[in-house]
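Protein chains: 2
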Amino acid sequence: MSELRQDIATKQWVIIAKERAKRPHQFIQRQERVAEPEYSPACPFCPGNESQTPPEAFAFRESGTAPNTPGWRVRVVPNKFAALSPGEQVIVTHPEIFTTINGIGGHEVIIESPIHNQTCATLPYEAVEEVIKAALARFRAFSSDSKCGFVAIFRNNGKGAGTSLIHPHSQIIATPIVPTHVRQEIEEARRFYDDRIQCVYCESLARELEADERIVLNTDGYVVLVPFAARMPYEMRILPKDHNPTFANALPDDIHEFAFVLKEALHLLYRAVDNPDYNLVMHNAPLRDSCQDYFHWHVEILPRLTTPAGFELGTGIYINTSVPEEIAQYLRGMCQS
Amino acid sequence: MSELRQDIATKQWVIIAKERAKRPHQFIQRQERVAEPEYSPACPFCPGNESQTPPEAFAFRESGTAPNTPGWRVRVVPNKFAALSPGEQVIVTHPEIFTTINGIGGHEVIIESPIHNQTCATLPYEAVEEVIKAALARFRAFSSDSKCGFVAIFRNNGKGAGTSLIHPHSQIIATPIVPTHVRQEIEEARRFYDDRIQCVYCESLARELEADERIVLNTDGYVVLVPFAARMPYEMRILPKDHNPTFANALPDDIHEFAFVLKEALHLLYRAVDNPDYNLVMHNAPLRDSCQDYFHWHVEILPRLTTPAGFELGTGIYINTSVPEEIAQYLRGMCQS
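Quick note, the sequences are listed as chains A and B, same order.
Under this note's numbering, think of the first position of the first sequence as 220, with each following residue one higher.
Under this note's numbering, think of the first position of the second sequence as 220, with each following residue one higher.
To be clear, the hints were calculated from the coordinates, so they are not data collected in a lab.
There could be a bad hint or two in this list.
Pairwise CB distance ranges, derived in the manner of DEER restraints [to be verified]: (1) A/220 / B/285: 22 to 32 Å; (2) A/509 / B/413: 24 to 34 Å; (3) B/311 / A/417: 15 to 25 Å; (4) A/257 / B/431: 52 to 62 Å; (5) A/258 / B/238: 51 to 61 Å; (6) A/220 / B/384: 20 to 30 Å; (7) B/460 / A/429: 48 to 58 Å.
Over the 10 Å line for every Cβ pair with chain A, so calculated as not near, a few chain B residues [said to hold, decoys possible]: (8) 254; (9) 263; (10) 267; (11) 271; (12) 276; (13) 315; (14) 422; (15) 479; (16) 486; (17) 507.
Cβ coordinates follow ideal geometry from the N, Cα and C atoms, glycine included.
Working from the sequences, and respecting the hints, build out all of it.
If you want it as structure tokens, here you go:
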């Protein structure tokens, strides 16, 4: 019989379809892939094509090189097809029931490497660290804009995860409101705190380390685990051990170790299921609601090996056709190999 | 500049990316399709293969034909790979923070036609009406089981919408709990009611009919519209004009007209974007929480023409690259042709 599991933090339920569950290695999708070159003349993110993007907002580049020319290692540019853009004033309207806000905010692309066919999983740690530093710099820049309420940092890897460009990149979107989904996540964390005077993520981490069934990686400052109520095969969560509601407060040492852990987690996924499509999402507290005692930043890695369908869309309950403990064990074994 | 819109009922925000929006006809995906035959010997849902499914729970069949043999027009069987199954007792456990429930409930497939290559959009009204009647019969059967808390009725059309079998079918899953997502939807409806002593869906319907910008179809008892805060291109909602928290209460006349409206809406989508992949989800009140005054059953049609990515997964905010009013106008024009 299958099992329903509830995520203690979000109250979201998930169905672990144990009987129809595949073995960890059965999720490898041998899709026909076109081998990409290191440099693609048509790619707007490749060096030499800097004029094809809006002017850069941030870059790590070789000394002596000019903005918007080659010589960068990481480059942040506004999204050419921005979902939200900087502006003077947030304007809310609500004639009758039709509430709208003008599309104020920001939408930037972090080009993670000058090399066209790299991915975060195969970049050296030092390069991943610079990507994180660039993301943090832009996160902090948006944080100081009083028109922004929330900053989403995410990565779409592969076509099935919604990306259109192969060249390795992450994205940042700053929204004028706090998304309802985020509010709900925070509300659940606050409720847990009110009941127990304890952060739900700190408590989960302690119980997970104790159970030691779903831990993939355990370093001084971070834990990578397969969530107890994982929604999909190979879902992973990266949790910092120190309680902190937002990554915006990260210190250089935190960043250094986080780069190592992030790259390890992505590389494990890359090896385990042959560079699958996935989404990576950072969860941070909203900008003007510090959630100091009860929210705890973390990263979700969501592989797109299965397709959410009507049941998932209608109920929010995912049917996961893998057993979290088996996946964790498989990945842990891979760490040691 | 793009626009954020909030769904008054769910408080979910959506971004209408007006500037990057495609025109309605640009969503047609000319994918290579293998023409399916009317009968496929290998298909477990085709007549003659009844023994390949678990025994039927319900059927409309020609008089004189025996259960689990050909002669049926609509056939309901338990899902061979059921996510949830009937059982004696709901057992909840919560050692530490790890809450689970055994996989009690039900998971059935409604085989909508004996003809392998039909779809709900191309079936005659009478056939769609029998599909709805079969769904309703099973909905009512699950409703009388005190171990069930909620019944999800949905349809996955096409591979991109998560289906593995082409033969036209819908699904019913009965869950022992009320999904958190459903609770949130209901909580928002209750809050609106508490503020205004008015059903939020009744109010929306009145304002939508007044605005007349997003209405696709308007019959005596139903309205088909593109939601003001549609999350994806060609999203449609079917709303009954009479306030009723659940379809379980539907009378024969309601069903008759609903069959007409449902088939019309699906046929419009079929013609407009060339039989796209889509999910269809019914939204009904939970079984043991009547929500009498404030919830209002409805149907959501969610075409999978775009891919939700990290931003959607992390924030719940969809980036919709179409303008709801344009899509509605395009579909309305098609109604008259």
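Hints and how they fare:
Checking the proposed 22 to 32 Å range against residue 220 of chain A and residue 285 of chain B shows it holds: the Cβ atoms sit about 31 Å from each other. Between residue 509 of chain A and residue 413 of chain B the Cβ separation comes to about 30 Å, which falls inside the hinted range of 24 to 34 Å. At roughly 22 Å, the beta carbons of residue 311 of chain B and residue 417 of chain A sit within the given window of 15 to 25 Å. In this structure, residue 257 of chain A and residue 431 of chain B meet the distance hint of 52 to 62 Å, their C-beta atoms being roughly 55 Å apart.
The supplied range of 51 to 61 Å is broken by residue 258 of chain A and residue 238 of chain B, whose beta-carbon atoms lie about 31 Å from each other. Remark: the range hint 20 to 30 Å for residue 220 of chain A to residue 384 of chain B is upheld by a beta-carbon distance near 23 Å. Remark: the range hint 48 to 58 Å for residue 460 of chain B to residue 429 of chain A is upheld by a beta-carbon distance near 55 Å. No beta-carbon of chain A is positioned within 10 Å of the beta-carbon of residue 254 of chain B; the least distance is around 23 Å.
Listed as a non-interface residue, residue 263 of chain B keeps its Cβ farther than 10 Å from every Cβ of chain A; the least gap is roughly 15 Å. The non-interface label for residue 267 of chain B is consistent with chain A: the shortest C-beta to C-beta separation is roughly 26 Å, beyond 10 Å. The claim that residue 271 of chain B lies off the interface holds: its Cβ sits roughly 16 Å from the closest Cβ of chain A, which is beyond the 10 Å cut-off. Residue-level check passed: residue 276 of chain B sits 18 Å from the nearest beta carbon of chain A, beyond 10 Å.
Taking the minimum C-beta to C-beta distance to chain A, about 5 Å, the non-interface status of residue 315 of chain B is violated against the 10 Å cut. Taking the minimum C-beta to C-beta distance to chain A, about 6 Å, the non-interface status of residue 422 of chain B is violated against the 10 Å cut. The Cβ of residue 479 of chain B sits about 22 Å from the closest Cβ of chain A, beyond the 10 Å cut-off, so the non-interface label holds. Residue placement check: residue 486 of chain B keeps its beta carbon more than 10 Å from all beta carbons of chain A (closest about 19 Å).
The beta carbon of residue 507 of chain B is kept farther than 10 Å from every beta carbon of chain A, the shortest such distance being approximately 16 Å.
The earlier numbered hints that this structure contradicts are 5, 13, 14.
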